[in-house]
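As given, the protein sequences belong to chains A and B, one line each in that order.
Letter by letter, the first sequence follows residues 1 to 894 of this note's numbering.
Letter by letter, the second sequence follows residues 1 to 113 of this note's numbering.
Worth flagging that the hints you see were computed from the coordinates, not collected in a lab.
Some hints here could point you the wrong way.
Stated by the list, open to error - Sample of chain B residues at the chain A side, in silico, Cβ under 7 Å:
| hint | residue |
| --- | --- |
| 1 | Gly27 |
| 2 | Gln46 |
| 3 | Pro51 |
| 4 | Phe54 |
| 5 | Arg55 |
| 6 | Ala75 |
As the structure is a prediction and not an experimental result, all values here were calculated from the model.
For each residue, glycine too, the CB sits at the ideal point set by N, CA and C.
What follows is each chain in one-letter form.
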Amino acid sequence: MRLLAYFRSLVSGFADRGHADGDMDEEFRAHIERYADDLERSGLPRSEAERQARIAFGGYERTKEECREERPGFRLESVWKDVRFGLRMLYKNPGFTAVAVVTLALGIGANAAIFSVVRGVLLRPLANRDEDRLLYLRQSIPGDEDLTFSVPEIQDLGKSLKTITELGTLSQLDFTVVGLGEPHEISAGVADGNYFDVMGLKPVTGRLLNAGDDGPNAAGAAVLTYRFWTSTLHADPSVIGKTIRLGSLEGTRSAVIVGVVEPSVPYPVETQLIANIVTSPHHLSATMVQGREHRMTEVFGRLAPGANLESARAEVHTVYSAMLAAHPEVYKASDHYQVDVTRMHDQINSRARTVLWVLLAASGLLFVIACSNVANLFLARTVRREPELALRSALGASSAVLRRALLAEALVLCSTGLLAGVLIAAPMVKVLSRYASRFSVRAVGLTLDSSMLWIGVALALVAAIFLAFVPRLPSADASRGFAISSSSLRITGGSRRRLRIFAVTQITASFLLLAGAGALLRTLLVLEQTQPPFETSHVLAVNLPVMTDGRNPQQVRDFYRDVQRRVAALPGVEHVSSGFSVPWRDARALNINFSFVIEGAPREDGRQDPRARFRSVSPGFFQTLGVPILEGRDFDERDREGGERVIIISQSVAKQLFPGQDPVNRQMRWTDPVMRFIGISFEPRRIIAVVPDLDDQELIPLPAMTVYQPSEQEGWNGRLFVRAKNDPYALVPTIIREVHDMAADQPVERASTLDDIRAEVMTPDRLNAVVFGGFASLALLISVVGVAGVLAFSVSGRTREFGIRLALGARPGHVLANVLSEGLVIAVIGVAVGLVVGFAFARGIARYTAEVQLPGALPLILSAVLILAAALIASAVPAARAARVDAAQALRSE
Amino acid sequence: MNPQAELLPGTLDLLILKAVSLGSLHGYGILLRIQQISRGTLLIEQGALYPALFRLVRQGYLRASWGTSDNNRRAKYYELTAGGRERLREEEDGWNRLVAAMRFVLAADVEET
Numbered sequence: 001m002r003l004l005a006y007f008r009s010l011v012s013g014f015a016d017r018g019h020a021d022g023d024m025d026e027e028f029r030a031h032i033e034r035y036a037d038d039l040e041r042s043g044l045p046r047s048e049a050e051r052q053a054r055i056a057f058g059g060y061e062r063t064k065e066e067c068r069e070e071r072p073g074f075r076l077e078s079v080w081k082d083v084r085f086g087l088r089m090l091y092k093n094p095g096f097t098a099v100a101v102v103t104l105a106l107g108i109g110a111n112a113a114i115f116s117v118v119r120g121v122l123l124r125p126l127a128n129r130d131e132d133r134l135l136y137l138r139q140s141i142p143g144d145e146d147l148t149f150s151v152p153e154i155q156d157l158g159k160s161l162k163t164i165t166e167l168g169t170l171s172q173l174d175f176t177v178v179g180l181g182e183p184h185e186i187s188a189g190v191a192d193g194n195y196f197d198v199m200g201l202k203p204v205t206g207r208l209l210n211a212g213d214d215g216p217n218a219a220g221a222a223v224l225t226y227r228f229w230t231s232t233l234h235a236d237p238s239v240i241g242k243t244i245r246l247g248s249l250e251g252t253r254s255a256v257i258v259g260v261v262e263p264s265v266p267y268p269v270e271t272q273l274i275a276n277i278v279t280s281p282h283h284l285s286a287t288m289v290q291g292r293e294h295r296m297t298e299v300f301g302r303l304a305p306g307a308n309l310e311s312a313r314a315e316v317h318t319v320y321s322a323m324l325a326a327h328p329e330v331y332k333a334s335d336h337y338q339v340d341v342t343r344m345h346d347q348i349n350s351r352a353r354t355v356l357w358v359l360l361a362a363s364g365l366l367f368v369i370a371c372s373n374v375a376n377l378f379l380a381r382t383v384r385r386e387p388e389l390a391l392r393s394a395l396g397a398s399s400a401v402l403r404r405a406l407l408a409e410a411l412v413l414c415s416t417g418l419l420a421g422v423l424i425a426a427p428m429v430k431v432l433s434r435y436a437s438r439f440s441v442r443a444v445g446l447t448l449d450s451s452m453l454w455i456g457v458a459l460a461l462v463a464a465i466f467l468a469f470v471p472r473l474p475s476a477d478a479s480r481g482f483a484i485s486s487s488s489l490r491i492t493g494g495s496r497r498r499l500r501i502f503a504v505t506q507i508t509a510s511f512l513l514l515a516g517a518g519a520l521l522r523t524l525l526v527l528e529q530t531q532p533p534f535e536t537s538h539v540l541a542v543n544l545p546v547m548t549d550g551r552n553p554q555q556v557r558d559f560y561r562d563v564q565r566r567v568a569a570l571p572g573v574e575h576v577s578s579g580f581s582v583p584w585r586d587a588r589a590l591n592i593n594f595s596f597v598i599e600g601a602p603r604e605d606g607r608q609d610p611r612a613r614f615r616s617v618s619p620g621f622f623q624t625l626g627v628p629i630l631e632g633r634d635f636d637e638r639d640r641e642g643g644e645r646v647i648i649i650s651q652s653v654a655k656q657l658f659p660g661q662d663p664v665n666r667q668m669r670w671t672d673p674v675m676r677f678i679g680i681s682f683e684p685r686r687i688i689a690v691v692p693d694l695d696d697q698e699l700i701p702l703p704a705m706t707v708y709q710p711s712e713q714e715g716w717n718g719r720l721f722v723r724a725k726n727d728p729y730a731l732v733p734t735i736i737r738e739v740h741d742m743a744a745d746q747p748v749e750r751a752s753t754l755d756d757i758r759a760e761v762m763t764p765d766r767l768n769a770v771v772f773g774g775f776a777s778l779a780l781l782i783s784v785v786g787v788a789g790v791l792a793f794s795v796s797g798r799t800r801e802f803g804i805r806l807a808l809g810a811r812p813g814h815v816l817a818n819v820l821s822e823g824l825v826i827a828v829i830g831v832a833v834g835l836v837v838g839f840a841f842a843r844g845i846a847r848y849t850a851e852v853q854l855p856g857a858l859p860l861i862l863s864a865v866l867i868l869a870a871a872l873i874a875s876a877v878p879a880a881r882a883a884r885v886d887a888a889q890a891l892r893s894e
Numbered sequence: 001m002n003p004q005a006e007l008l009p010g011t012l013d014l015l016i017l018k019a020v021s022l023g024s025l026h027g028y029g030i031l032l033r034i035q036q037i038s039r040g041t042l043l044i045e046q047g048a049l050y051p052a053l054f055r056l057v058r059q060g061y062l063r064a065s066w067g068t069s070d071n072n073r074r075a076k077y078y079e080l081t082a083g084g085r086e087r088l089r090e091e092e093d094g095w096n097r098l099v100a101a102m103r104f105v106l107a108a109d110v111e112e113t
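Pulled out of the complex, with its shape left as it was, chain A reads as follows (with noise of 0.2 Å):
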């Protein structure tokens, strides 16, 4: 009861507090009236009466204060003229509230953004049932990271599991679809069905794949992922029951959409469409299900209960070594074949880890840039308010009622930059989203995670904290309290130098920021000189999928003979030639290698035998590229299914493996295992040309080991290169009506200049560039201020000492120098110390990731140097005002 008493005189005396006041003072002034009558009645003159009565009641005024700090409400209301007259200080100093507010935004809003996505992608749980007892087996050797696994592989691995309850499998492939919409190609993954069970996922309409589905006898089904069924198919109902046609490289199938899967992160690769086994006849085959080398599916498994990923990565080594010991033919030592088993959900993540808590670490040192400055701007102000400070504690204000000054208005300043930080976070969001989609799918739409409101909240509250306590408070001593009368500043010491310390900070950080920044800087910069081997700006590749639906192989092949005739006839069309991947784009068909042997050479025993790319290509193929042929001829009529086996080589093979002799006319073979189930044979194989090093993998060109086969004799198809006159996505219609004219099923699809297509595989550095150059500018804009501020408090103080200097014959220039070169101390211990953190933070994190590579020397000079000229840009304006202070004014201003 008494509670609520108090609460409703508490509201009530905020409410009228003026009018309380009014009390006050009729109560007070009929106490000393009563009294003066009294006095008066014993005999004292009514003046004399009066005065007594005053004198006794003691000190007015103070008494009132201490009446209004009993009254209820009395703490409120101070926090609320603390409140006040922040804002009202913060009012009259718009530059200061400006540059403050501004900086803490952008420090708040960028952590407020980061954490947002690092939470988004890396600690947020997947959708996944039971997400962390998610496994994900990976079979790697040296150079190759991910082997992924066989069918005999698979049946050996799991056969007699205890830790891991089952196993699901999927492989990927590319079907083109025909009946949904446009035929095209889509990438699709082929499962078991287990699969869905053990990823946990259910469907949101119709089912998934179950065990009734898998063998060869089962009917045709096929699941479509979230993603595709929302974006491509605007979540369709109709679609469920639908009979599409499925086609791969040896037939097409149909299958029934049987249901649509919840949304979840694609791993490894991104699907529109799960199906069956029986979709895909290459599944069904003998070299697919007998061959223990040929590999090309996913594993994925579930925690036994009880079981924990020590003792399943333990059991999974026991069986699998076990397995490499049975086939010693197989795994040959010399390879070193390995497996390991993560979670699914750090496999997921493992490629953008890195990558998002270097850019926490950015953010953090952004917003100790910013905290610093701000500390700097409010420390500088403080200091000039000194003279108001002291008369404050002069007149009684204790330091605990200052600090609280000092405090709400520091509480002011940073929830301002706080809501403005919000405002900014949102749109940062966005942007380092779509930036992280480069390096994990779940970062794909992230938006503003209202939790990580709470972290910009505790960082502004950090930041006035702070903020409040970094300025010294003017001692009660009074004597020192009143220098105030002269209106010069007096700065101590000691804030001069926190003043300092705060610049350095900011230049460290800025300093480490920046030559990160350059380091990424100079990697996009090599990258974007580099010369491509061969002519892209003028080539356009065109995903013409292959279509096996209703024709043999040889029709296939005519087919694709006929589209080059064809679209060589088109006006403005210089060349046209056929192949199986395009470069930088195909990842998947570019990564293929065989192992092959010369003929007549001596094979040395133990030694592996020497390994190319493998590339399947038209007659002409190099002429569109622009490329010469160094020796011999190019593929032609003569080289199709039947005629004699020829092949072309790279000047990498030639060198190595014919040096000093004449290559053409010698015969080579393949020796690879895998060749067995690919429908490519071992005959010997006549090598008539070479021609330079192309490689289409790397952005910068290496010495690249490759082997071109004619795509007529057991080679592969499925991209058309067009080589334009002029502009060659004016091309594009005129091809696809002419392609739609021989068959109206076939797709015709991705049609791109080789140019767009190496400049897209590049956004991924771009991005890094432009993000952390983003950064780092910002940093270096906020120490620009930060110095320029620190360096302006300094000479204004100093006013006095200058035109001393000066009346005493001092040159301008010595006093401009001066400053200058107090600017450029600070700079330099900055970017010494900046050297010195940002070699020690490397080498702690080498001792944990092998993946740190330590900016070369220029983008570390290329810094520095930048660091400098800005504190000297920013050391001129208060330099220029110091040397031309007036040395009578500043002399008479004391």
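Starting from the structure of chain A, add chain B where the hints point.
Leaving out everything else, chain B in the frame of chain A:
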């Protein structure tokens, strides 16, 4: 020696509560009544009275209301609340115990130890 006794710290509240318990009073009246009932031996600094009054109002022991005094002047009158009455009893008991204890202590003789 000064015939007026120094006020022990903490006793002002008790005095005010006691004075007001005898009938509602305005500030000056409280002062007079304390002087009167202490037969002029207790000196209260006039300025110290009001913060104590405000505190007791805030704590809910006193209630203040404006009224008209004998000579037709507006005055703020203080009266005890139920809580104040309770508080007064507690304070009185405490004080009496203290006084009794002090008396025993001061009357102690060598034999009694």
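> Quick one, is the arginine 55 of chain B hint okay against chain A at 7 Å, beta carbons?
Replying inline: Since the shortest Cβ distance to chain A is 5 Å, the answer is holds.
**Message:** Holds or violated: the hint that glycine 27 of chain B contacts chain A, with Cβ atoms closer than 7 Å.
**Reply:** This hint holds: glycine 27 of chain B lies near chain A, its Cβ roughly 5 Å from the closest one there, short of 7 Å.
Interface restraint verdict for proline 51 of chain B against chain A (beta-carbon cut-off 7 Å):
The hint holds - proline 51 of chain B has a Cβ within 7 Å of chain A, the shortest such distance being about 4 Å.
Problem set entry | Hinted contact glutamine 46 of chain B with chain A - closest CB pair below 7 Å | With a minimum Cβ separation of about 5 Å from chain A (threshold 7 Å), the hint on glutamine 46 of chain B holds.
Does alanine 75 of chain B pass the interface hint, meaning its C-beta sits closer than 7 Å to a C-beta of chain A? Because about 6 Å separates alanine 75 of chain B from the closest Cβ in chain A, which is inside the 7 Å limit, the hint holds.
Against chain A, run the beta carbon of phenylalanine 54 of chain B and see if the smallest gap drops under 7 Å.
4 Å, holds
The structure fails none of the hints (numbered hints given earlier).
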